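Visitor: Numbering that gives the first Met the number 0 applies: residue 0 is where the sequence shown begins, and numbers increase by one.
Treat the hints with caution; some may be incorrect.
DEER-style ranges, computed between Cβ atoms [as the list claims (entries may be wrong)]:
1. Asn-81 / Ser-274: 33 to 43 Å
2. Glu-298 / Val-98: 40 to 50 Å
3. Asp-323 / Glu-68: 32 to 42 Å
4. Arg-262 / His-52: 17 to 27 Å
5. Ile-266 / Glu-68: 21 to 31 Å
6. Pro-172 / Glu-298: 37 to 47 Å
7. His-52 / Val-98: 43 to 53 Å
8. Ala-297 / Ser-274: 41 to 51 Å
9. Ser-79 / Leu-364: 15 to 25 Å
10. Ser-293 / Arg-262: 18 to 28 Å
11. Lys-267 / Arg-114: 16 to 26 Å
12. Asn-132 / Val-268: 38 to 48 Å
13. Asp-252 / Asn-362: 25 to 35 Å
14. Tyr-67 / Pro-287: 41 to 51 Å
Hints are computed from structural coordinates only; laboratory data are not their basis. Since the model is a prediction, treat every value here as computed from it, not as a measurement. From the three backbone atoms N, C-alpha and C, an ideal C-beta is built for every residue, glycine too.
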Amino acid sequence: MYNSNGPLPTSSHRISRFDFKSSSNVLSRRSVVAMNFKHKNKYRFNQTIRMKHVDFGVQIEPQYGFTYEAIRKIADVCESLNFESIWVSDHLFMTTDSVDIPCLECWTTLTSLARDTTKLMLGPMVSSQSYRNPALMAKVAATIDHISNGRLYFGIGAGWKEVEYRAYGYPYPRPVVRIRQLDDTLQIVKKMWMEDKATYKGRYYSIENALCFPKPVQKPHIPIWVGGTGNLTLRVAAKHADACNFAWTLPVDIFKQKLDVLRNHCIKVGRDYQSIRKSAGVMITMAPSKKEVSRKLAEQEKRRNTPYMRYLSRQRPNLVGTPDVVTEGIREYLDLGVDHVILRFHYGEEIDSMTLFMDEVKNRL
0 MYNSNGPLPT SSHRISRFDF KSSSNVLSRR SVVAMNFKHK NKYRFNQTIR
50 MKHVDFGVQI EPQYGFTYEA IRKIADVCES LNFESIWVSD HLFMTTDSVD
100 IPCLECWTTL TSLARDTTKL MLGPMVSSQS YRNPALMAKV AATIDHISNG
150 RLYFGIGAGW KEVEYRAYGY PYPRPVVRIR QLDDTLQIVK KMWMEDKATY
200 KGRYYSIENA LCFPKPVQKP HIPIWVGGTG NLTLRVAAKH ADACNFAWTL
250 PVDIFKQKLD VLRNHCIKVG RDYQSIRKSA GVMITMAPSK KEVSRKLAEQ
300 EKRRNTPYMR YLSRQRPNLV GTPDVVTEGI REYLDLGVDH VILRFHYGEE
350 IDSMTLFMDE VKNRL
């Protein structure tokens with residue numbers, strides 16, 4: 000079976016915003032994300048301390064079965080609705096049972112989007128440092144930055160999906176090792192982008208007189224987005240990241256704790272906490288009315304035994320309800336200093352949900 004996105008899962012140039020300042024920490028409020036959400040304004044917030052500008056992006060998961068034409072159509076709508084960015088996950092397949100579900104490769108998909116879009120920022124969210132040699136990844140990213148005329152974000156993480164590692168023959172070391180490899184990777188890519196001949200001898204990855212020409216369009220280099228919430232990953236982010244993405248479905252109170260961890264790491268490594276953009280990845284099920292939300296949830300329940308819904312069961316949407324509910328839920332993240340929100344909608348509902356979001360949510364934030 001197919002929908003507009005492909006088979007259903009059955010059996011203008013921009014220079015990087017390095018100086019973009021996020022707001023100071025403010026009080027956190029408890030996140031309530033049920034459909035019958037009733038917000039009680041327990042605390043008063045000084046709205047002047049919130050970011051003056053917030054960007055919104057859309058996340059695509061090729062592992063769900065998207066055709067490229069479906070992804071391109073979503074990107075076209077993103078541009079027409081004035082979303083700031085579109086992100087593509089870096090996975091090789093959804094589950095080992097997904098034998099009939101397409102999964103387009105991340106970086107080649109981004110290359111195509113670089114030609115098929117004109118103003119969207121593009122990025123992997125996030126690429127696994129383990130799946131490609133760091134120097135080659137730096138070269139690929141620099142190439143896409145040229146093809147797109149400076150519209151690439153370099154989203155990177157330590158890697159986590161063990162079943163993919165095993166299936167493709169990649170070593171799957173302990174988390175601490177993968178995070179150290181991430182540190183090596185980021186040192187290599189920055190050297191490749193900024194030095195004529197790059198040499199680096201790391202614990203896990205090394206390069207010698209490596210060339211990467213042409214250099215990226217964006218200066219001093221492609222913005223680095225580190226994805227992850229673990230203590231050691233956030234330390235790597237404090238050292239290297241221009242932005243840090245916290246995803247997915249992280250409750251607001253936990254989100255605040257993670258920001259505190261990042262802040263403490265910044266102090267230890269001598270980094271300005273405010274120089275790092277903070278991004279929240281949120282999963283949304285939204286409809287204009289409670290009745291329509293109930294209908295959507297019922298339809299999703301009918302599909303609970305499909306590979307897609309089984310896979311999603313470990314990551315349930317954290318914002319469920321009408322535009323009022325979603326607006327209030329996102330506002331809680333913004334009050335913590337978030338200046339970029341990456342939205343993930345249910346497979347097959349992206350375009351309608353994106354339109355509803357821009358019509359009924361964005362302008363109220």
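Visitor: Confirm or reject each hint.
Guide: Now the hints, each set against the structure:
1. Asn-81 / Ser-274: 33 to 43 Å: 26 Å, violated
2. Glu-298 / Val-98: 40 to 50 Å: 25 Å, violated
3. Asp-323 / Glu-68: 32 to 42 Å: Given range 32 to 42 Å: holds, Cβ gap about 34 Å.
4. Arg-262 / His-52: 17 to 27 Å: 21 Å, holds
5. Ile-266 / Glu-68: 21 to 31 Å: 48 Å, violated
6. Pro-172 / Glu-298: 37 to 47 Å: 41 Å, holds
7. His-52 / Val-98: 43 to 53 Å: 45 Å, holds
8. Ala-297 / Ser-274: 41 to 51 Å: Holds - the Cβ-Cβ distance for Ala-297 and Ser-274, about 46 Å, lies within 41 to 51 Å.
9. Ser-79 / Leu-364: 15 to 25 Å: 20 Å Cβ-Cβ, so the 15 to 25 Å window holds.
10. Ser-293 / Arg-262: 18 to 28 Å: Since the Cβ atoms of Ser-293 and Arg-262 sit about 40 Å apart, the hinted range of 18 to 28 Å is violated.
11. Lys-267 / Arg-114: 16 to 26 Å: 42 Å, violated
12. Asn-132 / Val-268: 38 to 48 Å: 26 Å, violated
13. Asp-252 / Asn-362: 25 to 35 Å: The hint (25 to 35 Å, Cβ to Cβ) holds, given that Asp-252 and Asn-362 are roughly 27 Å apart.
14. Tyr-67 / Pro-287: 41 to 51 Å: The hinted range 41 to 51 Å is violated for Tyr-67 and Pro-287, with Cβ atoms some 30 Å apart.
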